[in-house]
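Trainee: Sequence:
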Amino acid sequence: MLDDLEVNNIQYYQTRLINKDSKEENGNYKLANIVGRINCLDYDKSELVMRDDGSIKFIDKLVFQYFDNKDSLEIFRLAKFLPIVIVSDKIKKKLEKHKFTGIVFYKPEDYSL
1 MLDDLEVNNI QYYQTRLINK DSKEENGNYK LANIVGRINC LDYDKSELVM RDDGSIKFID
61 KLVFQYFDNK DSLEIFRLAK FLPIVIVSDK IKKKLEKHKF TGIVFYKPED YSL
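Numbering (full-length UniProt numbering), first residue to last: 1 to 113.
A portion of the hints provided could be inaccurate.
Using 16 angstroms as the maximum straight-line C-alpha spacing, the simulated EDC-like pairs for lysine to aspartate or glutamate come out as follows [said to hold, decoys possible]:
no.	residue 1	residue 2
1	K61	E47
2	K61	D42
3	K93	D3
4	K80	E47
It is worth saying that the hints were derived from the structure and are not from the lab.
Please construct the entire structure, taking both the sequences and the accompanying hints into account.
Mentor: Below you can see the structure in the form of structure tokens.
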């Protein structure tokens with residue numbers, strides 16, 4: 001679905017889901033791994049609780065700084081907090097159009113963890 005947007009930094013893995021009650025298997029799923037991370041946080045303006053190793057423990061407010069997206073990544077992970085995936089507006093609209101489920105979009109200023 002994202003191939004027509006020339007997104008080339010996603011690895012897809014064939015996956016099968018097993019219903020925990022009925023044990024029925026469904027192999028029509030793929031797991032997507034987003035490859036690529038960018039350190040684009042403005043640490044002075046963001047409100048973060050950091051771990052001793054420099055990774056992010058809690059987020060109260062995210063503020064991004066301008067960064068040179070030389071690879072033109074439309075989707076990538078936040079370098080210091082890999083669970084967060086950043087997407088362009090183009091990707092967001094495409095996912096919403098195709099009614100993908102299990103995804104929640106936040107504006108950076110509205111996100112906390």
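Trainee: Are the Cα positions of K61 and D42 separated by 16 angstroms at most?
Mentor: Given pair K61, D42 holds - Cα atoms ~10 angstroms apart, limit 16 angstroms.
Trainee: Is it true that the CA of K93 sits at most 16 angstroms from the CA of D3?
Mentor: holds, 15 angstroms
Trainee: Assess, step by step, whether the Cα of K61 is no farther than 16 angstroms from the Cα of E47, and give holds or violated.
Mentor: holds, 5 angstroms
Trainee: Going straight from one Cα to the other, do K80 and E47 come out at no more than 16 angstroms?
Mentor: Judged against 16 angstroms, a Cα distance of about 14 angstroms means the pair holds.
Figure legend: structure checked against the earlier numbered hints; every hint is met.
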